[in-house]
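Asks: As a plain string of letters, each chain reads:
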Amino acid sequence: MPTLNKACITGIGWTTAAGAGCGRKGAVPEWGPGLPQPESALIKELEGGSRFGRLDLFSRIGLSALALALADAGHLPEKAATSASPRDYGLICATTSGSAATDHAFHESLLEHPQLASPGLFVYTLPTSFLGEAALRFALNGSGLALIEARPGGGQALELALEQLAEGDEEIVIAGVCNLFSAAENHADFYSGALFVVLEKYRQSADKSRDVLSLGKKMPGLFWRGRPCPDIFTLSRRLTGNENQERGQT
Amino acid sequence: MTPDCCRPFDQARNGLILGEGAAALLLMNSSRARREGFRPLARIRGWGAANDAVHLTAPARDGRGLIKACRRALRRAELDPEDLAAINAHGTGTIHNDDMELHAFGEIFRRRRPCHSVKGALGHTLGAAGALETVIALDCLRHGLLPPTTGLEKCAPRAAVRLSSAPQEFSGPRLLLCNSGFGGVNAALILEKVEERRWSCQP
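Line by line, the protein sequences give chains A and B. Per our numbering: the first sequence = residues -4 to 245. Per our numbering: the second sequence = residues 96 to 298.
Treat the hints as calculated values from the structure; they're not laboratory data. Among the clues, some could well be false.
[To be verified] To give an idea of the interface, some chain A residues facing chain B are shown, with a C-beta separation under 8 Å as derived from the structure:
| no. | residue |
| --- | --- |
| 1 | P81 |
| 2 | L131 |
| 3 | L135 |
| 4 | S138 |
| 5 | E162 |
| 6 | D164 |
Note that the structure is predicted; figures quoted are calculated from it, not measured. Ideal placement from N, C-alpha and C gives every residue a C-beta, glycine not left out.
Working from the sequences, and respecting the hints, build out all of it.
Replies: Right, dumping it as structure tokens:
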């Protein structure tokens, strides 16, 4: 059974309609209506341009945020994934929209051409597909899990990441949220975008001064530096030093 | 996709068919279930997941991700492979998936045990497959019986598991479920039957 549900946060990356970014100080993940444009210069540099444009939009949003979080933590492999040694990192993504937009597009293509449904879409009809893309590109062979949540929050993904680190499945887990909503759904807190953090196993002797996320001992829920942290959006504001900014305020 | 019918683990298998379906399961921890008077259909003893990191659509030929996922599930459950009585395989009916699974089972298990796939009967329901197959597995545990592997005529050679086009009995309270998906994701689940007598006796 897990005994120590604590983790150090060593990286954060995001892709929203307002732009893509990473880093714990200075930059701010801003959320608002509209579709993210994940083809930023930084992403192109990280990706080397390989097949990124062929992915569905949900995958591009998720993959770019995940890559930025890994880059921020200093965990992007220097060489292409195919030549890098596999690393036992876990990937957990909470999602409300899932891959519904791609599923719908695939269904449309199936109705239009029953014998020639798009294989390029078929592959991305699961919300875990982009986690496989990340596993391939960054040589990660830990778990790949998508959690469905009723409204975007990411708390369960963070809690599961802490559990996996405590269980010893992995030493590093990248956890976060990824959503792609239609214009009609795009309101209040239902904004398209992705946000991931890199969580590393907490070592009592070395990690006292770092950003520590933990599960409550007496009270349920997540705590960051000892303060309640209900979701990943709150966590990101605290990590980037923008606590007073409300989500959605751009 | 197969142009005719889906034949999981058959020598002549040539692809999958798509299916449609939905399933929902209510999960809760045992203390809450006991407190609120629920009688569980089964207990999740262990689970594991792992990425192949090999190819987006084709499984790792050596089954590395599935083997890792199964071993993680066994470790969480604190069980030995021999403690598992039967297997609900992913069994899509594609050449490479079924080869990969048979190879993985051969690596994990020392002796052959009953195994089946429902995809010859239901088709591949993609994102719903895991939940649907868990519901079927609950019934398998209750009756100690695996359903036939529809479409199977001549089993793939040297199969490390026992496959049949007829129902198969098994004895034992635990069953392994496996699923693999696009991107090279693999998941394993160990379900355990909860005896009513033991459930009501436990504190």
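Asks: Are the hints correct? Go through all of them and say.
Replies: Here is how each hint holds up against the structure:
1. P81: 5 Å, holds
2. L131: Constraint on L131(A) satisfied, holds at 6 Å.
3. L135: 6 Å, holds
4. S138: Holds. Min distance 4 Å.
5. E162: Check passed: Cβ of E162(A) comes within 7 Å of chain B, closer than 8 Å.
6. D164: Since chain B brings a Cβ to about 6 Å from D164(A), closer than 8 Å, the hint holds.
The earlier numbered hints are all upheld by this structure, with none contradicted.
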